[in-house]
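Visitor: Read off the chains here:
2 protein chains.
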Amino acid sequence: LIVPKTIILGAVALDNIKTPFGEVKDALGGSAAYASLAASFFSEAGIVAVVGKDFPQKHIDFLKKKKIDLNGLSVVEGKTFRWEGFYEYDMNQAHTKDTQLNVFSEFDPEVPEEYRKADFLYLGNITPDLQLKVLDQMDKRPKLVLSDTMDYWIKEDKGKVKEVIDRVDIALMNDGEARMLFDTPNLAQAGRKILELNSKYALIKKGEHGSLLFSENSIFAAPGYPLETVVDPTGAGDSFAGALIGYLAQQDSVSENVVRRGMIYASSIASFNAEGFSIQNLASITREDIEQRYEAYKKMITF
Amino acid sequence: LIVPKTIILGAVALDNIKTPFGEVKDALGGSAAYASLAASFFSEAGIVAVVGKDFPQKHIDFLKKKKIDLNGLSVVEGKTFRWEGFYEYDMNQAHTKDTQLNVFSEFDPEVPEEYRKADFLYLGNITPDLQLKVLDQMDKRPKLVLSDTMDYWIKEDKGKVKEVIDRVDIALMNDGEARMLFDTPNLAQAGRKILELNSKYALIKKGEHGSLLFSENSIFAAPGYPLETVVDPTGAGDSFAGALIGYLAQQDSVSENVVRRGMIYASSIASFNAEGFSIQNLASITREDIEQRYEAYKKMITF
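Line order of the protein sequences matches chains A and B. The numbering of the first sequence is the numbering used here, which starts it at 1 and goes up by one. The numbering of the second sequence is the numbering used here, which starts it at 1001 and goes up by one.
Hints are supplied without guarantee of correctness; some may be wrong.
Partial list, derived from the structure: chain A residues whose beta carbon lies under 7 Å from chain B [claimed, not checked]:
| id | residue |
| --- | --- |
| 1 | 85 |
| 2 | 86 |
| 3 | 90 |
| 4 | 185 |
| 5 | 188 |
| 6 | 193 |
| 7 | 195 |
| 8 | 209 |
| 9 | 217 |
| 10 | 221 |
| 11 | 226 |
| 12 | 227 |
| 13 | 228 |
| 14 | 231 |
| 15 | 258 |
| 16 | 301 |
The following residues of chain A were derived to be distant from chain B, with all beta-carbon distances above 12 Å [what the hints assert, rightly or not]:
| id | residue |
| --- | --- |
| 17 | 27 |
| 18 | 67 |
| 19 | 91 |
| 20 | 222 |
| 21 | 264 |
| 22 | 283 |
Treat the hints as calculated values from the structure; they're not laboratory data. These figures come from a predicted structure and were not determined experimentally. Ideal placement from N, C-alpha and C gives every residue a C-beta, glycine not left out.
Modelling step: build the complete structure from the supplied sequences, incorporating the hints.
Guide: Here it is in structure tokens:
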């Protein structure tokens, strides 16, 4: 058994998605699916997640073909987590039509023996208790832990969300979540408060407006890549997170310069993801496509 | 009579502003006041605007002290344009309490003889008809014309707003206005449509998220400068526009690289403006302050 360099905790789901450009049913989805596919461009990734017995074999085969380690994917009695959503005129706004947690509601993550030695860990969006439970199962503190969260957990228990942030290196969240967590409309203030919680970096995603990285002595602003055609934004944030941790694992570094470059790679991959339906583009783009967009990004912010 | 390098058309107003950080009454305000102060860091600016006989002499003295040419400022019978507004929890959102157009409602701009030879012209937010009237009064087509607009004029007559855009070099507007003008939530699409109207550059302001410059073959994304303390955002957009045209006039260039650098200077000055009440900071910052923030910007986007 090989130790994957990057461990990704999150959801694997079946998605029904509808946008003005078309629709898909029973598509492979969930934070861990998007994140592991994005990470796989840079590093071997293993996922910790759960699906039901109804989960189609073709999705398993596809993930394996993409060299994603599935030893941490439990297949249990019951149905797979399902999400149904749609987008209308404003593609920045996802509308959830239905969520069925199914087997995900009783998910009790068990980190496989060989995963516990991994150096890079992504604690995707899931209850803070389970995020901590996974972190505690690691043999040693990984070199880098990246966390995500969600408005739902913040509303339910801010203290627990902060406890996770206190123990990670990069606390990632979107702008609305950062504002909610610290009761401030000001992102620079929210960023500083995340750092006060002992996280080395605060990373705030702003959707089409890019992302902001706060560290003790600096701020890095990565613009969004302006896309003329957004086909399906589902999984943009998860692709971003997965690509980032995958890149950091590949570089085997947590230095600020590497994190900054990682954010540009992550934005590149997230922008590709939004140009196709579901995981379509993550399945088809190449390293060369990614390098080209990375260079386009560079030109876009050079003055 | 000297030809000012930069001519600024817009409003000069008396503002009552209240924010969580304090309040001011009868403060010098209006797009032309903010824009000319911002431009004056780089170039001699002359304004085309109107005030009433009630306009305080101290504001006139202040603008003169700042070396702003007031030959184009008409003082007429009646009251000066007044704006009263406030900001609450979310400082990105201005709430207008009262607007009294007063003498501004019958403003019929007359460009002084010596201004008509100027090479750099800013058509600030005012009816499209008057913007065109000012442009037509110039002796020759200036080297660079920058335009602004407002949701009000777009709602009233899209065609007229587009007619202005068709005749300028840089069409500047905010994200909401760009979306409204072209019935699209997508800013990259809106940017392309502005270019199709024959403007050389489309420049879309996104408030705290910075700005986007579209030209035929490229996009430039300037992030916003993340401020922890926003004291009063009034005039941020006008400071941005004024600093940009002032910088272009100083450089005597309309090349894309110079426009890009100008956007960073413009963002620097707009960010200072938001850190103080009303025009307070535009009145007190130095060229050295501006250079320091420009350098901080550079670091913020380097990877």
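Visitor: Checking against the hints above, which ones are violated?
Guide: Violated hints: 1, 2, 6, 7, 9, 14, 15, 19, 20 and 21; rest satisfied.
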